[in-house]
Amino acid sequence: MPDATGLELIAQRVREKVGDEAVTGTLYQRRHATLDVAASSVHDVLAYLRDAEAEPWEHLMSVHGVDYLPEEPRFGIHYQLLSMERADRLNVRTRVGIDDPHVPTVVDLYPTADFQEREVFDMFGVVFDGHPDMRRILMPEDYEGYPQRRDFPMGGEPVIYTFNEPQLPRWYD
Amino acid sequence: MTDLDRSGTTTEALSVPYRERERSVTMESMGEQHDELLTINIGPHHPATHGVLRLLTTLEGEIVRDVKPIIGYVHTGIEKSCEDQQYWKVIPFVERMDYLSYYFNAMAFCVAVERLLDEEVPERAQWLRVIHLELNRIASHLFWIATGSLDIGAITMLWWGCRDRDLVLDLFEMSGGQRFHTRYFQVGGVVEDIPPGFEEMTRAFIKTMRMRIPQYLSLLDRNEIWLQRTKGTGIVPAEDLLALGVTGPLLRAAGVPWDLRKADPESGYRSFDFNIPVGAVGDNYDRFRVRVEEMLESLKIIEQALDGLPEGPYITTNRKVALPPRHELATSMEALIHHFKLVTEGFRVPPGETYAAVESPRGELGCYVLADGSAKPARVHVRDPSFVNLQALPEMARDHLLADFITCIAMLDPILGGVDR
Amino acid sequence: MEVTRTKVEGDLRVRQLKAQQLLRGELEGEDLERQVEQRLLFTRFEEAQNWARKNALFPLGFGLACCAIEMITVIGSPRNDVSRFGAEVTRFSPRQADLLILSGRVSIKMAPIIRRLYEQMLEPKWVIAMGACASTAGMFNNYAVVQGADKFLPVDVYVPGCPPRPEALIYGIMKLQDEIMGDPAMGWRERYRAEGTEEVA
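Protein chains in written order, with the numbering used here: chain F, 1 to 173; chain E, 174 to 594; chain V, 595 to 795.
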């Protein structure tokens with residue numbers, strides 16, 4: 001992990017090269033460094049971090065989505081970057097709200113994001129613009145709803161205890 | 174090349190390698206004529222027992238031109254279920270994701286939560302964790318070699334692999350009470366100390382495996398059919414693999430010496446002396462050899478761990494996170510209160526998020542945990558290696574015969590529980 | 595079927611000749627009676643058929659999740675070996691199999707496919723729901739898992755466990771064999787001396 005000052009230096013370099021509005025913040029807690037970027041500049045920031053940065057981060061390990069429901073903007077997309085040379089990790093995070101859940105895709109930079117962005121779309125409903133094959137990957141093709149959102153119900157059946165046994169439908173009904 | 178008569182018994186033909194013979198018989202002439210592509214469905218139910226994986230394969234004759242994996246047939250919504258459980262109850266859920274390397278799933282999750290809690294794991298617990306992780310790695314590779322060889326046709330390995338895997342599962346039963354999904358790893362350490370006979374049985378197991386692995390190699394490694402099927406097939410250059418995010422034995426077979434046990438060691442791997450087998454060419458044969466060598470290295474690690482196992486507590490002594498030992502409940506009031514609190518509500522984790530990665534038998538297994546201050550995690554996501562490695566399958570299988578394609582799937586070692594979660 | 599074993603006189607060649615004579619109808623009187631007593635077995639056709647069916651089950655090679663690993667251990671491991679019960683021949687085509695061992699969690703995407711597989715199997719066919727997830731969705735009470743395979747398939751034997759031990763699966767197969775023979779052990783009725791009772795809801 002880069003330490004706190006390293007993270008600030010990276011943020012500064014990104015601001016210089018990509019644009020001031022790209023980086024919206026940095027977060028460093030418990031040796032986990034997160035760089036917050038704006039949703040529209042994700043592609044440029046990751047391209048910069050991969051190619052032009054002094055200490056490049058050449059590998060994308062994971063793209064995953066988070067639903068920070070009580071906080072707005074609601075959805076967070078995390079890009080976990082890895083540098084094998086320095087054995088170092090950096091987390092790039094962007095936040096989108098539910099009214100405009102669009103993020104540019106990074107499949108052209110990192111082909112590994114293919115399945116992973118489809119999974120974020122499937123689970124949260126965040127659309128990645130420019131992705132060659134934006135379809136559901138884990139749920140059935142015609143499923144409605146985005147399961148991993150916090151307000152999506154858990155589903156399943158109610159568990160039969162003795163106190164609710166008379167009200168619940170039995171298996172022989 | 175002489176003409177082959179139908180039985181192919183001319184002496185010159187016998188000296189020509191198998192692959193060239195089959196090429197001369199069928200492929201070249203048909204390769205140019207056929208430009209019609211046939212898309213077939215190697216459906217979710219198929220004999221290669223890697224789970225329910227559906228592959229839309231576009232064939233030209235017998236050459237695979239394109240493969241599209243369709244997954245989701247074992248999707249269990251584990252990540253969503255984890256949001257509804259306390260932290261220590263999440264461990265059985267997360268264990269069932271990559272169901273052959275269950276300790277690794279639990280380890281990634283426990284390391285992430287321990288990072289969030291800033292919890293220190295005692296050394297004995299770390300070394301016990303390493304022992305179980307390496308035993309699980311051996312078990313996973315044994316199962317891989319058993320079913321992989323079954324796919325390729327060397328069916329004897331199925332019996333041998335399962336037989337030796339039973340020995341490992343006996344060890345797990347001794348320490349954890351169950352053969353599979355033992356819930357042995359807890360946040361802060363392990364759930365129980367190893368029983369008295371565990372060390373002897375493990376040493377006996379190491380001795381047995383050191384004798385058996387050369388037997389496997391003598392069965393497979395000098396077998397002409399095995400070599401012809403695995404050498405030179407499924408080659409993907411290392412840059413493509415890195416771009417696709419592939420890690421684990423696939424990447425090491427292609428020549429990139431990246432192993433999280435050396436690069437970013439968690440929990441005690443620093444104290445062990447072991448090598449990482451790295452392949453040269455990156456074909457299926459290298460993948461096979463890398464995994465077999467990894468089994469031998471794991472035996473080394475287990476031996477070192479058993480030799481130097483330190484004394485001490487096997488779980489953290491912080492009563493706010495780990496259950497107090499039962500005998501204290503009769504005497505100490507605080508222990509009773511802690512026990513009650515932990516069992517009913519669970520421990521609370523201060524808000525934060527982290528990502529922890531371990532090196533599972535298939536690659537980098539990462540766990541992302543978002544905590545919001547309550548006793549239940551707000552998001553648990555597991556970056557599963559098989560999910561990402563599956564994206565390399567079209568690259569591996571391009572322009573190969575269908576039989577080589579099955580070999581590629583066998584050597585890729587996908588576990589669909591992890592792919593679909 | 596009653597099976598009595600008695601020591602037979604004569605060595606192999608004599609026995610062979612006697613069997614030949616019986617089939618040709620050349621034995622008479624006491625010879626015939628003795629031969630019939632010693633060498634023939636009488637039973638009903640259904641029992642013989644069931645006996646043959648139960649000892650030669652062909653499981654469909656079908657594994658979904660973690661229970662599939664235990665199932666492969668049952669079929670493949672020398673220690674817990676299902677071939678001593680005759681069920682080692684796993685056929686991968688449903689047309690050739692008669693036992694569907696549902697091993698693992700059934701997700702909603704997979705359920706129609708399993709139903710189609712079940713319909714492709716030829717009569718007589720049996721289903722074992724192996725593990726907690728196939729019986730009742732186990733620990734996964736959520737949107738993505740069908741809450742028990744018996745929601746879309748008729749299940750004959752449920753084997754609990756997560757995953758069940760190989761011995762448990764073999765016990766389940768043996769119970770299925772009893773059921774095929776036509777006398778399923780009611781288990782608890784015998785143990786609690788409640789034979790002949792029935793449940794009143």
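Be aware that a few hints might be false.
As the list claims (entries may be wrong) - Lysine to any residue pairs mimicking SDA-like chemistry, simulated, CA-CA at most 20 Å apart:
#, chain 1, residue 1, chain 2, residue 2
1, E, K549, F, Y68
2, E, K241, F, P140
3, E, K549, F, P132
4, E, K262, V, P718
5, E, K435, F, E85
6, E, K549, F, P70
7, E, K241, F, D108
8, V, K745, F, R86
9, E, K473, E, M374
10, V, K745, F, I160
11, V, K745, F, E71
12, E, K435, F, R150
13, E, K262, F, M154
14, E, K262, E, P497
15, E, K435, F, A87
16, E, K549, F, E85
17, V, K745, F, M84
18, E, K549, F, V127
19, V, K769, V, P718
20, E, K262, F, S83
21, V, K745, F, Y68
22, E, K241, F, R136
23, E, K241, F, P158
24, E, K435, F, M154
25, E, K549, F, E141
26, E, K435, F, V159
27, E, K549, V, N736
28, E, K549, F, F152
29, E, K262, F, G155
30, E, K241, F, P153
31, E, K435, F, G155
These are computed hints drawn from the structure, not numbers from a lab.
Note that this is a predicted model, so its numbers are computed, not measured.
Is K435/E close enough to R150/F, meaning Cα to Cα at most 20 Å? Status violated; Cα separation ~37 Å.
Between K549/E and Y68/F, is the straight-line Cα distance small enough, at 20 Å or below? holds, 14 Å
Is the straight-line distance between the alpha-carbon of K241/E and that of R136/F 20 Å or less? Holds, at about 14 Å.
Below or equal to 20 Å on CA atoms is what counts here, so check K262/E against G155/F. holds, 19 Å
Hinted pair, alpha-carbon criterion (20 Å max): K745/V, Y68/F. Please report holds or violated. At roughly 35 Å apart (the allowed maximum being 20 Å), Y68/F and K745/V break the hint.
Pair hint outcome, K262/E versus P497/E [Cα-Cα no greater than 20 Å]: holds, 17 Å
Would the hint linking K549/E and E141/F be met if the CA-CA limit is 20 Å? violated, 31 Å
Measure nothing beyond the straight line between the CA atoms of K435/E and V159/F; if it is 20 Å or shorter, mark the hint as holding. violated, 46 Å
Assess, step by step, whether the Cα of K549/E is no farther than 20 Å from the Cα of N736/V, and give holds or violated. Answer holds: K549/E to N736/V is near 17 Å, not above 20 Å.
Hinted pair, alpha-carbon criterion (20 Å max): K549/E, F152/F. Please report holds or violated. holds, 17 Å
Within 20 Å, alpha carbon to alpha carbon, are K769/V and P718/V? The hint holds at about 17 Å.
Assess, step by step, whether the Cα of K435/E is no farther than 20 Å from the Cα of G155/F, and give holds or violated. The given pair, whose Cα atoms are some 42 Å apart, is violated under the 20 Å limit.
Hint compliance for this structure: hints 3, 4, 8, 11, 12, 16, 17, 18, 20, 21, 23, 24, 25, 26, 30, 31 are not met, and every other hint is.
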